[in-house]
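Protein chains: 2
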Amino acid sequence: MSILVVGSVAFDSIKTPFGQVDRTLGGSAVHFSLAASILSRVNLVGVVGSDFGHDQITFLQKRGINVDALAKVENGKTFFWEGFYEYDMNTAHTVKTELNVFQNFDPVIPEAMKNSEYVFLANIDPDIQLKLIQQVKSPKLIVCDTMNYWIETKRDRLIDVLKRVNVALLNDGEARQLFKTPNLLKAAKQVLALGVKTVIIKKGEHGALMFGHDSVFSAPAFPMEDIIDPTGAGDSFAGGFLSFIDKQKKVNDRILRQAVVYATVIASFNVQNFGTKGLENVVYGDIKARYNKLSQISEFKNL
Amino acid sequence: MSILVVGSVAFDSIKTPFGQVDRTLGGSAVHFSLAASILSRVNLVGVVGSDFGHDQITFLQKRGINVDALAKVENGKTFFWEGFYEYDMNTAHTVKTELNVFQNFDPVIPEAMKNSEYVFLANIDPDIQLKLIQQVKSPKLIVCDTMNYWIETKRDRLIDVLKRVNVALLNDGEARQLFKTPNLLKAAKQVLALGVKTVIIKKGEHGALMFGHDSVFSAPAFPMEDIIDPTGAGDSFAGGFLSFIDKQKKVNDRILRQAVVYATVIASFNVQNFGTKGLENVVYGDIKARYNKLSQISEFKNL
Chain C
12 MSILVVGSVA
22 FDSIKTPFGQ
32 VDRTLGGSAV
42 HFSLAASILS
52 RVNLVGVVGS
62 DFGHDQITFL
72 QKRGINVDAL
82 AKVENGKTFF
92 WEGFYEYDMN
102 TAHTVKTELN
112 VFQNFDPVIP
122 EAMKNSEYVF
132 LANIDPDIQL
142 KLIQQVKSPK
152 LIVCDTMNYW
162 IETKRDRLID
172 VLKRVNVALL
182 NDGEARQLFK
192 TPNLLKAAKQ
202 VLALGVKTVI
212 IKKGEHGALM
222 FGHDSVFSAP
232 AFPMEDIIDP
242 TGAGDSFAGG
252 FLSFIDKQKK
262 VNDRILRQAV
272 VYATVIASFN
282 VQNFGTKGLE
292 NVVYGDIKAR
302 YNKLSQISEF
312 KNL
Chain G
12 MSILVVGSVA
22 FDSIKTPFGQ
32 VDRTLGGSAV
42 HFSLAASILS
52 RVNLVGVVGS
62 DFGHDQITFL
72 QKRGINVDAL
82 AKVENGKTFF
92 WEGFYEYDMN
102 TAHTVKTELN
112 VFQNFDPVIP
122 EAMKNSEYVF
132 LANIDPDIQL
142 KLIQQVKSPK
152 LIVCDTMNYW
162 IETKRDRLID
172 VLKRVNVALL
182 NDGEARQLFK
192 TPNLLKAAKQ
202 VLALGVKTVI
212 IKKGEHGALM
222 FGHDSVFSAP
232 AFPMEDIIDP
242 TGAGDSFAGG
252 FLSFIDKQKK
262 VNDRILRQAV
272 VYATVIASFN
282 VQNFGTKGLE
292 NVVYGDIKAR
302 YNKLSQISEF
312 KNL
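For the record, the sequence lines run as chains C and G.
Everything in the first sequence is counted per our numbering, starting at 12 for the first residue and increasing by one.
Everything in the second sequence is counted per our numbering, starting at 12 for the first residue and increasing by one.
Hints listed in this document are in silico derivations from the structure and should not be mistaken for laboratory results.
It is possible that some hints are incorrect.
Copies of the same chain are indistinguishable here, so a pair counts whether it falls within one copy or spans any two.
Restricting the straight-line Cα-Cα distance to at most 27 Å, the calculated cross-link-like pairs of lysine-lysine (DSS-like) are [said to hold, decoys possible]:
1. Lys312 <-> Lys208
2. Lys312 <-> Lys258
3. Lys214 <-> Lys312
4. Lys197 <-> Lys165
5. Lys197 <-> Lys214
6. Lys191 <-> Lys26
7. Lys151 <-> Lys26
8. Lys261 <-> Lys312
9. Lys261 <-> Lys107
10. Lys299 <-> Lys200
11. Lys261 <-> Lys304
12. Lys107 <-> Lys73
13. Lys165 <-> Lys312
14. Lys148 <-> Lys88
15. Lys200 <-> Lys214
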């Protein structure tokens, strides 16, 4: 009944066709934690600078997120990202990335958190992901994320990570890039061949695919007219996914499928407002309504 | 219990990363008819030149396709298309288009075919589509297709067509282009606002979406590792869709959803070989197996 996430905590300045925000709370570990906190207790391992204030800490704690392992570097500055999206919303265009205290992030998992059952290794250096895998004690499930940058610069180490996790989360572009194929089924099979039990390929507006060694699941996207800010969609998807499984206390094909649909719904709330705002006031009833709508949307009778 | 299709009959020379074929039987009306012929009787209205031989006619007739209204222009040449696909297979690159006898195609529906219950207006000039709509007598369902060329050159006339049909078939690129929006839900709503009852947006490897005035259906794609030749996928989808409905003898939301899944399966067979070869030896048992696999692939339990 506990989840561990290791990833970035950041301030984001984001501009989309629908508006802009400056220095709003963000980062992969934050988006993940907020999403997961609806169902679960989350232990957040990360690093911030002295510009990370009491308000931000309180905001996370109020969601039941344990920030005991959120290190604060005095005289350092928190990771900052500035970017924008154009109308198609599929690509984040980076204006500025200031790694700041994140540059030397070498996380140590506190003893009390090493027994976390579910672990999310957010998009960070594969070398750090490998170190983290060595630190956790018999987790039930390790899920990892990555990005094009690591595929391009540390592909071998990323492959080593994939050999040691249970669930690989990739978006469609990353999956194609990782194994140099336009075909997602082929890419998924190559990831499975590394020993991963489950591969989930997120396709944004086209939903998600989940591949096991003898199963395929296709989840519809939640139909939305306006995506206000896609930042953090993948991390909130991961938070929804892992917290749903944590809540069920076991893993099987049925629960994995439900977890992907639950994750899809959580991500749909995330993108309907800037930064963390989309998920701030969501309650379980809202989630359940969208989940059941997705069930209705994808339903058809057998021949 | 009869379907009418009006569209192109062609010879295609196609090159893909998996091989190539020269002057193989093709065209929208051919791909549609072959797909529909598994369940239905099809009346084909089209035009060919004197290079269209007895073999091609026999091939169509053996599938139960009525070619009485396939006009033959002596001393004319059949529509010819040459094109290729690169690895992503999403875009057809045209090398050569010779309209030939299709240039002056001004189809007249024979009296005996004017009572066809289900009508498919394949991708042809919207002015011709409008003339055809005036010729048919109280059809149960008119389905129309189009392409980017008509959106760019005859958008107003295409809108007039859409106001007069029951089902609009578009691919995702066309839907976005038609109403200048990246959002498919917004585009679909605009098509529905014209009076169309059902909008189907084909998304290739991402499946299909169907929108009614108060319903949305998301159909998964059939997972395939190798797409050999995507030519005719949209037309065989249409043929599968309309023949399935014809077979049920009525239309409701449940049947429309099943028809979209059936259409998806038919298109999946079409693309696994060049030209018409993919569908030539398919029997109903093959279709049913893939249909039921799609049901299994998209299934998840309610919360």
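We went through each hint and held it up to the structure:
no. : hint              : result
1   : Lys312 <-> Lys208 : between (30 Å within a copy, 21 Å between copies)
2   : Lys312 <-> Lys258 : between (30 Å within a copy, 16 Å between copies)
3   : Lys214 <-> Lys312 : both (25 Å within a copy, 21 Å between copies)
4   : Lys197 <-> Lys165 : within (21 Å within a copy, 40 Å between copies)
5   : Lys197 <-> Lys214 : both (16 Å within a copy, 19 Å between copies)
6   : Lys191 <-> Lys26  : between (32 Å within a copy, 21 Å between copies)
7   : Lys151 <-> Lys26  : neither (39 Å within a copy, 49 Å between copies)
8   : Lys261 <-> Lys312 : between (29 Å within a copy, 16 Å between copies)
9   : Lys261 <-> Lys107 : neither (42 Å within a copy, 58 Å between copies)
10  : Lys299 <-> Lys200 : between (32 Å within a copy, 25 Å between copies)
11  : Lys261 <-> Lys304 : both (25 Å within a copy, 26 Å between copies)
12  : Lys107 <-> Lys73  : neither (30 Å within a copy, 65 Å between copies)
13  : Lys165 <-> Lys312 : neither (46 Å within a copy, 39 Å between copies)
14  : Lys148 <-> Lys88  : neither (32 Å within a copy, 74 Å between copies)
15  : Lys200 <-> Lys214 : both (17 Å within a copy, 22 Å between copies)
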